[in-house]
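Visitor: What follows is the residue order along each chain.
There are 2 protein chains.
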Amino acid sequence: MAQQGGRLRLVDVAEAAGVSIAAASRALSGSKGVSDAIAARVREVAAELGYVADAHARSLAGGASTSVGLLVHEIGDPYFSEIASGVLGVGAREGLTVQICHTGREPDNELVQVRALIANRVRAVIIAGSGFVDPRTQLAVKEELRGFQGSGGRVAVIGRHHLGVDAVLPDNVPGGRTITEHVLSLGHRRIAFAAGSLELTTVADRLAGAEQALSAAGLALADLPVVEAPFTRDGGKRAMARILDEHPGTTAVIALNDDMAIGALAVLRERGVPVPERMSVAGFDDVAVAEHLAPALTTVRLPMAELGEQALLMALKPKSARPRRRATPHRLVVRGSTAAPRS
Amino acid sequence: MAQQGGRLRLVDVAEAAGVSIAAASRALSGSKGVSDAIAARVREVAAELGYVADAHARSLAGGASTSVGLLVHEIGDPYFSEIASGVLGVGAREGLTVQICHTGREPDNELVQVRALIANRVRAVIIAGSGFVDPRTQLAVKEELRGFQGSGGRVAVIGRHHLGVDAVLPDNVPGGRTITEHVLSLGHRRIAFAAGSLELTTVADRLAGAEQALSAAGLALADLPVVEAPFTRDGGKRAMARILDEHPGTTAVIALNDDMAIGALAVLRERGVPVPERMSVAGFDDVAVAEHLAPALTTVRLPMAELGEQALLMALKPKSARPRRRATPHRLVVRGSTAAPRS
DNA sequence: CTGAAAGCGCTAACAA
DNA sequence: TTGTTAGCGCTTTCAG
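In order, the protein sequences belong to chains V and B. Residue numbers 23 to 365, in this note's numbering, belong to the letters of the first sequence in order. Residue numbers 23 to 365, in this note's numbering, belong to the letters of the second sequence in order.
Be a bit skeptical, because a hint or two may be false.
Take a look, some chain B residues computed to stay more than 12 Å from chain V by CB distance [said to hold, decoys possible]:
#1 Ser53
#2 Gly55
#3 Val67
#4 Thr119
#5 Ala141
#6 Ser207
#7 Arg212
#8 Ala242
#9 Leu243
#10 Arg260
#11 Val311
#12 Ser342
#13 Arg347
#14 Thr350
#15 Leu354
According to the in silico footprint, chain B covers these stretches of chain V (three or more CB under 8 Å from chain B) [as the list claims (entries may be wrong)]:
#16 70-80
#17 134-143
#18 281-292
#19 313-320
The calculated label-pair distances, taken between Cβ atoms and stated as ranges, are [as the list claims (entries may be wrong)]:
#20 V:Ser237 x B:Arg291: 46 to 54 Å
#21 V:Val295 x B:Gly240: 27 to 35 Å
#22 V:Asp267 x B:Ser237: 51 to 59 Å
These aren't lab readings, by the way, just hints derived from the structure by calculation. Quick reminder that beta carbons are idealized off the backbone N, C-alpha and C, glycines included.
Required output: the full structure, derived from the provided sequences and hints.
Guide: Laid out in structure tokens, this is it:
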């Protein structure tokens, strides 16, 4: 149960069990080629001593790495922390440790972080969060990941294309259509969009869905205000302010994620614009707090934790000939923040 | 820029630069004893080749580990994800990777997770989140951490006592007093507490602060309902339901964290109890969404990201003779969810 | 089935 | 300053 000074090593366990370190290794790593009797004794002794194998030595020696990497934009953002929760859950179940990096929404950090993960010999790298419309933005990362895969590493992405790897894809396009259809069905025509950077594929996809819904209703996205701002709560504030100032006739705002919607609601509250009476607000993601906002937010639910789980599960499977893609469902969740425009 | 099949190793860089691997090692790890000229050339070649040292080999060979571990209760919980954000921020700045584990609020998982972290040769372990009133609960963990420290590992905790290591301590006791004083000052006397498990030191501390405020006002905590439930949104719902059912005269509820407060607000909304007119609700933590709730939540602000930053910074300093403790400030944030009881 | 021995890629003595 | 060499703790051939 106790160990002092120098941590104990495999030799110590082997000696205590009266076997060779090879046998001890096999017993503990679960490889074939040890009698059940010895395996059992070794495991027992190891447990008694509180021995835990050095993961570094293990992976250096060619054993399987027991850790995976997760890269997100910002771990403090509920969207990503819920994804992370899914990843950690599966990781714990599989006996894997998870290294998490975040770029702080600074795309240039991505390369460094991915390299750090690879340097740590993770078995798999999971990248969550929107990619960029311009594929060149991620050339270096792509290159790095190719090398990683070349040496047996696995890669899975969540909500990102252009990378030629296994992917879990949230329903961004259909979701964009769904939420827009909802707002249209309420009777709104003077709709504005609070969008994150148009460079983000997530934003582009959600807008593409919106466009489909609009065309079906005889409207064109190009005729409606699409205000671009950071894909955050603060960006939502800025976008809402601009919509109010520059497009005063607007009756409904579709924010392209919940965080922006939260920011938008804050501005509307400050300015005394009643929601949904004077302005309907819709979000996207359904983060855990969406239902507790004032008013509760109408949004599109994405199964975030599940996204994370699926991605890790996918990354743990052996590589397939062609990249796997797995679409996840979405669901419209109508709450108090949207209503018919007052006539 | 590119590397195929086998990842490239230090030898490759050394050869390409025309120096010994020792020189290359020194140049890249920034140790003393290389001419600037060679150091520069090696670094240049390495960058060109896209070489990244194998962290496992490096740490196995006795070099400093470049990763730290963070253990939280549940990464999807904003309290912890904001702490994690602080840790990741400092980590990135210091060139450290961060392994995050969560127990899923299952204390029994803690030992396994801590061991996994140690097995990964992290330089430091940071444990965030309440400990347990009964010190025996964590005997094994404590033991494990002692061994870790004995072999040079560093440990810091956030909001947890009993562990004899460096600690960043949120103002739980003073904060508990502050929020209770606020509610008392509004004129409430029929106050109920929605508490997480009384086994959690955080809960005990916040209640202790409440007790101070109550005594000062001539009241006794023992005379007031303290409803125990899980320290989560859902627990908040359960606690609120019980308070409503069993203590109908209650005019104010102090939830011992924001998550519980959010749950409480949900139940009050469902049951049509107006807040704050019929019931005041206060929380604790000031998670990012607290200000966007309906009504906005009166709470005690704890600087979560800073907690994480401080803890990592502390853990990166050399061990001190006696454990460091660093208290962080709190601040009462009065919003719409509390008001005087209607007379 | 078992054990002895050869590394995994790197750093840290040690020599030169 | 440089280069040579001995391991770090483990897994994995390879003999026995």
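Visitor: Is the Cβ of leucine 243 of chain B farther than 12 Å from every Cβ of chain V?
Guide: 28 Å, holds
Visitor: Confirm or reject the statement that glycine 55 of chain B sits farther than 12 Å, beta carbon to beta carbon, from all of chain V.
Guide: 23 Å, holds
Visitor: Evaluate the condition: distance from the CB of serine 53 of chain B to the nearest CB of chain V exceeds 12 Å.
Guide: 18 Å, holds
Visitor: Run the C-beta distances from serine 342 of chain B to all of chain V and say if the shortest one exceeds 12 Å.
Guide: 20 Å, holds
Visitor: Are all C-beta atoms of chain V more than 12 Å from that of leucine 354 of chain B?
Guide: 21 Å, holds
Visitor: For the segment 70-80 of chain V, does the count of residues with a C-beta closer than 8 Å to a C-beta of chain B reach 3?
Guide: This one holds; 7 residues, not fewer than the three required, reach chain B with a Cβ under 8 Å.
Visitor: Run the C-beta distances from arginine 260 of chain B to all of chain V and say if the shortest one exceeds 12 Å.
Guide: 16 Å, holds
Visitor: Far enough from chain V: is every CB of that chain over 12 Å from the CB of serine 207 of chain B?
Guide: Holds, since 25 Å exceeds 12 Å.
Visitor: Against chain V, does arginine 347 of chain B hold up as non-interface, every C-beta pair farther apart than 12 Å?
Guide: 25 Å, holds
Visitor: Holds or violated: is the Cβ of threonine 119 of chain B farther than 12 Å from all Cβ atoms of chain V?
Guide: 5 Å, violated
Visitor: Beyond 12 Å from every chain V Cβ: check whether that's true for alanine 141 of chain B.
Guide: Since the minimum Cβ distance to chain V is about 4 Å, alanine 141 of chain B lies within 12 Å and the statement is violated.
Visitor: For threonine 350 of chain B, is the shortest CB-to-CB distance to chain V above 12 Å, so the non-interface label stands?
Guide: 17 Å, holds
Violated hints for the displayed structure, listed by number in ascending order: 4, 5, 11, 20 and 21.
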